[in-house]
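Asks: Just need the whole structure built from these sequences, with the hints factored in.
Numbering (my numbering), first residue to last: 25 to 368.
You may find that some hints are simply not true.
Stated by the list, open to error - Derived DSSO-like pairs: lysine-lysine, alpha-carbon spacing no greater than 30 angstroms straight-line:
#	residue 1	residue 2
1	K312	K276
2	K77	K64
3	K317	K276
Claimed, not checked - Simulated DEER-style distance windows between Cβ atoms:
#	residue 1	residue 2	range
4	S43	W225	23 to 29 angstroms
5	G347	Q112	35 to 41 angstroms
6	T102	R56	31 to 37 angstroms
7	V350	S43	15 to 21 angstroms
8	V350	P32	52 to 58 angstroms
9	Q279	D145	48 to 54 angstroms
10	L228	S41	52 to 58 angstroms
11	W225	E316	17 to 23 angstroms
12	K267	S46	24 to 30 angstroms
13	V69	T133	25 to 31 angstroms
14	S41	W225	40 to 46 angstroms
15	S106	Q271	15 to 21 angstroms
Don't read these hints as lab results, they were simulated from the structure. C-beta: ideal position from N, C-alpha, C; glycine also.
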Amino acid sequence: MAMQDLAPEIMVHIYESLSSVSDIISLSLTCRYFHELLPKAQKLVLFFAALDKEMGPLDDILQLLTQNDNQMLHVRRTPPLSFALLTQAAGVGRVAARFVGLYPGFRWTGPESVSRRFLDDVEARRLRRAVYRLWGYTQAFYGKSASSISRLARSDTSPAGERLPLLRSWSTEELYELEDLRCTLEQLLATEICPTDGDVWCRLPEEARHVPLSLQHTFASHVPTLQDVFYNSRDTLVVDRTKPSVQELRFKHMQGWGSDLQNFYVIQSFLKFSPAQILWLYDNAVSKADVEKFIQSQTYDPCFLESGSMLFADWVTVLLARGVDVQHAREAVWDGEAGIVLDG
Numbered sequence: 025m026a027m028q029d030l031a032p033e034i035m036v037h038i039y040e041s042l043s044s045v046s047d048i049i050s051l052s053l054t055c056r057y058f059h060e061l062l063p064k065a066q067k068l069v070l071f072f073a074a075l076d077k078e079m080g081p082l083d084d085i086l087q088l089l090t091q092n093d094n095q096m097l098h099v100r101r102t103p104p105l106s107f108a109l110l111t112q113a114a115g116v117g118r119v120a121a122r123f124v125g126l127y128p129g130f131r132w133t134g135p136e137s138v139s140r141r142f143l144d145d146v147e148a149r150r151l152r153r154a155v156y157r158l159w160g161y162t163q164a165f166y167g168k169s170a171s172s173i174s175r176l177a178r179s180d181t182s183p184a185g186e187r188l189p190l191l192r193s194w195s196t197e198e199l200y201e202l203e204d205l206r207c208t209l210e211q212l213l214a215t216e217i218c219p220t221d222g223d224v225w226c227r228l229p230e231e232a233r234h235v236p237l238s239l240q241h242t243f244a245s246h247v248p249t250l251q252d253v254f255y256n257s258r259d260t261l262v263v264d265r266t267k268p269s270v271q272e273l274r275f276k277h278m279q280g281w282g283s284d285l286q287n288f289y290v291i292q293s294f295l296k297f298s299p300a301q302i303l304w305l306y307d308n309a310v311s312k313a314d315v316e317k318f319i320q321s322q323t324y325d326p327c328f329l330e331s332g333s334m335l336f337a338d339w340v341t342v343l344l345a346r347g348v349d350v351q352h353a354r355e356a357v358w359d360g361e362a363g364i365v366l367d368g
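Replies: Below, the structure is given as structure tokens:
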């Protein structure tokens, strides 16, 4: 029996069983009958249900997309569903999906790399939830929507009346997930975007290590040529094997950001960026100049590097108020006893 001959009720059940937006679209485009079987309103509900399975939690995506200056951040919002909102939600979900792929490489490093593995569905959902919540936090307090809050106020305790209720609305286990993501982003930034002078020195060829620090960048970097980044379509098969990746170019060209202590404070400043902005840096920034231009274009703040994210301080404040031993909690996250991945 052809699928077109199945009863409409069975076809509806088939639609409801699909777990991704692309699957629903593919089935809908198979023929006119499948395309017109469901009204748009019903199909929209199915799209959002599939999005929740594939990129959810959907509710956290909607909280991120509906932030505004007229409502308290910790008050849950239930916007009307629309195809425009679906498009925005899918874009946010794709960013979180990239972090699901990147997480193992920065979560298990050094000797722990032998334990590296893909995340299962439950772990991936926890990670995406942490991404959406971190994104909402940075967007509210460091993004353009927070322009009315002065830069000095962000390092003060006065905005805590907005920040702390947001964190208090999440469970302790969900706060552990947030800290797990924050630590992983620190590792990503320290490794890829903001290496120390010592890290860059170790990357230099042996003959360059005796050169004064002020001249070492001539050995570590050069202006990338078009051949480094682009290629002619006629030579695709040849060049694809040899064309260096952004990470390989960055390994050669990125300059150091100072000592270990200086690097720590620089990373705390970068944690004011949203996950989408950090992902852009990971995918595109090759040199320190690239990163500095990005900071200027995104923040218009010449003092961006002088203040760090308040997320960790807020995290500590909320957990202490709940009677949680913060140091023990952080060790549990590092050891895989709490957070996104529960190794135990």
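Asks: A separate judgement is required for each hint: does it hold in the structure or not?
Replies: Do the hints match the structure? See the list:
Proposed proximity of K312 and K276 is supported: the alpha carbons are some 11 angstroms apart, at most 30 angstroms. Taking the CA atoms of K77 and K64, the gap is about 20 angstroms. The hint holds against a cut of 30 angstroms. A distance of roughly 19 angstroms separates the Cα atoms of K317 and K276; the hinted pair therefore holds under the 30 angstroms criterion. At roughly 49 angstroms, the beta-carbon separation of S43 and W225 lies outside the given 23 to 29 angstroms, and the hint is violated.
The hinted range of 35 to 41 angstroms is satisfied by G347 and Q112, whose Cβ atoms lie roughly 39 angstroms apart. Judged by the Cβ atoms, the range 31 to 37 angstroms given for T102 and R56 holds: they are separated by roughly 34 angstroms. Between V350 and S43, the C-beta spacing of about 38 angstroms breaks the proposed range 15 to 21 angstroms. In this structure, V350 and P32 meet the distance hint of 52 to 58 angstroms, their C-beta atoms being roughly 56 angstroms apart.
For the pair Q279 and D145, the supplied restraint of 48 to 54 angstroms is violated, since their beta-carbon distance comes to about 40 angstroms. Against the hinted window of 52 to 58 angstroms, the Cβ-Cβ separation of L228 and S41 comes to about 56 angstroms, which satisfies the hint. Against the hinted window of 17 to 23 angstroms, the Cβ-Cβ separation of W225 and E316 comes to about 21 angstroms, which satisfies the hint. About 29 angstroms separates the C-beta atoms of K267 and S46, a value consistent with the hinted range of 24 to 30 angstroms.
Separation of V69 from T133 is about 42 angstroms and departs from the stated range, judged on CB atoms against 25 to 31 angstroms. Take S41 and W225: their Cβ atoms lie about 56 angstroms apart, and the range 40 to 46 angstroms is violated. A hinted range of 15 to 21 angstroms is violated for the C-beta pair S106 and Q271, which are about 38 angstroms apart.
Hint check: violations occur at hints 4, 7, 9, 13, 14, 15; the rest are consistent with the structure.
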